[in-house]
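Novice: The residues making up each chain are set out below.
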Amino acid sequence: MARAVTSQRKAINTVVAWAIGLLIFFPILWTILTSFKTEAQAIASPPIFLNFDWTLENYAVVQERSNYMRFLWNSVIIAGGSTLLGVLIAVPAAWSMAFVPSKRTKDILLWMLSTKMLPAVGVLYPIYLLFIQLGLLDSRAGLVIVIMLINLPIIVWMLYTYFREIPGEILEAARMDGATLREEIIYVLTPMAIPGIASTILLNFILAWNEAFWTLNLTAVNAAPLTAFIASYSSPEGLFFAKLSAASTMAIAPILILGWFSQKQLVRGLTFGAVK
Amino acid sequence: MGRITLEKVSKRFGDVEVIPPLDLEIDEGEFVVFVGPSGCGKSTLLRLIAGLEDVTSGKVVIDGEDATRVPPAKRGLAMVFQSYALYPHMTVRKNIAFPMRMAKIPEDEQKRRIEQAAAALNLTDYLDRRPGQLSGGQRQRVAIGRAIVREPAAFLFDEPLSNLDAALRVGMRLEISELHKRLETTMIYVTHDQVEAMTMADKIVVLRAGHIEQVGSPLELYHNPQNVFVAGFIGSPKMNLIEGEEAAKHNAHTIGIRPEHIDVSRDGGGVWSGRVGVAEHLGSDTFFHIHETGLAETITVRAPGEVQFKHGDQIGLTPRADLVHKFDAEGLRIV
Chain A
1 MARAVTSQRK AINTVVAWAI GLLIFFPILW TILTSFKTEA QAIASPPIFL
51 NFDWTLENYA VVQERSNYMR FLWNSVIIAG GSTLLGVLIA VPAAWSMAFV
101 PSKRTKDILL WMLSTKMLPA VGVLYPIYLL FIQLGLLDSR AGLVIVIMLI
151 NLPIIVWMLY TYFREIPGEI LEAARMDGAT LREEIIYVLT PMAIPGIAST
201 ILLNFILAWN EAFWTLNLTA VNAAPLTAFI ASYSSPEGLF FAKLSAASTM
251 AIAPILILGW FSQKQLVRGL TFGAVK
Chain B
277 MGRITLEKVS KRFGDVEVIP PLDLEIDEGE FVVFVGPSGC GKSTLLRLIA
327 GLEDVTSGKV VIDGEDATRV PPAKRGLAMV FQSYALYPHM TVRKNIAFPM
377 RMAKIPEDEQ KRRIEQAAAA LNLTDYLDRR PGQLSGGQRQ RVAIGRAIVR
427 EPAAFLFDEP LSNLDAALRV GMRLEISELH KRLETTMIYV THDQVEAMTM
477 ADKIVVLRAG HIEQVGSPLE LYHNPQNVFV AGFIGSPKMN LIEGEEAAKH
527 NAHTIGIRPE HIDVSRDGGG VWSGRVGVAE HLGSDTFFHI HETGLAETIT
577 VRAPGEVQFK HGDQIGLTPR ADLVHKFDAE GLRIV
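Here the protein sequences come in this chain order: A and B.
Mapping of the first sequence onto the numbering used here: position 88 corresponds to residue 88, and the numbering continues sequentially without gaps.
Mapping of the second sequence onto the numbering used here: position 249 corresponds to residue 525, and the numbering continues sequentially without gaps.
In case anyone wonders, no lab produced these hints; they're calculated from the structure.
A portion of the hints provided could be inaccurate.
To be verified - Computed list of chain A residues with no C-beta within reach of chain B, every gap over 10 angstroms:
id : residue
1  : L33
2  : E39
3  : A44
4  : E64
5  : P101
6  : R175
7  : M176
8  : V188
9  : I194
As the list claims (entries may be wrong) - Partial pick of chain B residues on the chain A-facing surface, computed with a CB cut under 8 angstroms:
id : residue
10 : F289
11 : L353
12 : P364
13 : I381
14 : P382
15 : Q386
16 : G492
17 : W548
Bear in mind that the values here come from a model prediction, so they are computed numbers and not experimental data.
Just so it is clear, CB atoms sit at the ideal spot from N, CA and C, and this is done for glycine as well.
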């Protein structure tokens, strides 16, 4: 029997859900609101919620001082490039782990995950030196590679989980039908795993977009993405809360919009395999 | 085309020997059924022929060529899986076309073969649907269609009917048999259902624990089972196996008599006697499960037509002497 849900209970659930949702969203909302205030109102005590003089001045100043489009373009290239490159490498890797596992497969998966437990700063020095040697410092190519590498374990893990849901007999059928390994992956495995691959791409795009440690440490001007754009407004020697908020809003807007339109896909991706 | 020879083929998974070295000859155009209880290695044997599993030792020879190291895609065999294994993201048409697409067969030839296969399998109206929108029987027909169009050297069927309901199973069984008559291509068919084996096969291979117990035509296996296992496995209802004093009278360790080879009589007549436990009236036949015979726990008898005995009745049994099978202590047939 289905559990009875009374309308009263439903109303309470709705209120609680909205309260939690707003609580989580509040910092972002506050940032967006602050971006429309003057610098003085931004630090007013007690804080002003909605009753302030709405202004677009901060946005104008930010755009005047720094070229938003250049940072945006760098972010798109770094996040997009690292994600696509990562998926290209991870699909065959996850295929072999899911469908022809060896005795060591579980160990390899754990080992890959363990690299995520290492503090990034621990390898900053060698990577920085390597980048100087290879001339990759402050280059988009260099960042694409580094961010691809740090996200690769997650991409492989996610794809591995999705691939495990695909019955091996279908791939065997493809083999019997004369498909080579490449054809099997392109025509059978990938189309069947599209929902999983899509949410993997989405999640990793967001992770790469928000990645700050490497983007801040390995770029200066040419390859600086939006994370560097925000950081340039957080200076200790002045009150620039409103401008910092405006810059932050501009930096998160693209990813927020992307997330909003793909939330169904994201949720499905994150709960994939929970119910068969 | 379609002659398959296994030479000393064996398979181990780790320390477990699933198939000890065995030899088997499958002739061109034959319908061969691998039958045996679950876990007997019949599916593994099929997968070794397909190339989906590597042999541990021995040779798989297809049409005179050593195919032991040839990948499944290049062996020229088609397989129908128990789970159908259709491509869920493709329409029926694309599913059937897939092997031809992989073989780079020209488009118009592909189209011709798809239409031909669809017509033969009653799929013409479903070509633009996806597998998810089809019933189990239709899905299995798509899987067969996908196998036919590539014109393989041999078809491999891995328990293709076990996911279907009983009525559909009988229908599909006939369709596959007719397909074999029409195509005259070698077919290797794995099943645990001895009725399927008996009705479809030219040649049955009975397997137990990876060993071939007997190879022969259905009627050879029925009339001359080489050992107790085959005697008990082939035939429905099962052969009655009797040990002890009664067997000793025939100078055997075990004697076997099929249910249809025992005559029943009333009022103390007959060689043996017992009490009817359950009587199953099918109209065409009547099955009796008889207890208290002093021979075995239950003796099953199949009497033709309607025979009126009921639970608790005393019944006389007379085995037909010339149809008693005799086996020695090792379970082997005594000639």
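Novice: All hints are to be evaluated individually against the structure, with a verdict given for each.
Specialist: Structure-based check of all given hints:
no., hint, verdict
1, L33, "holds, 46 angstroms"
2, E39, "holds, 55 angstroms"
3, A44, "holds, 57 angstroms"
4, E64, "holds, 50 angstroms"
5, P101, "holds, 14 angstroms"
6, R175, "violated, 5 angstroms"
7, M176, "violated, 4 angstroms"
8, V188, "violated, 6 angstroms"
9, I194, "violated, 8 angstroms"
10, F289, "violated, 13 angstroms"
11, L353, "holds, 7 angstroms"
12, P364, "holds, 7 angstroms"
13, I381, "violated, 10 angstroms"
14, P382, "violated, 16 angstroms"
15, Q386, "violated, 13 angstroms"
16, G492, "violated, 29 angstroms"
17, W548, "violated, 50 angstroms"
Consistency note: the structure conflicts with the earlier hints numbered 6, 7, 8, 9, 10, 13, 14, 15, 16 and 17.
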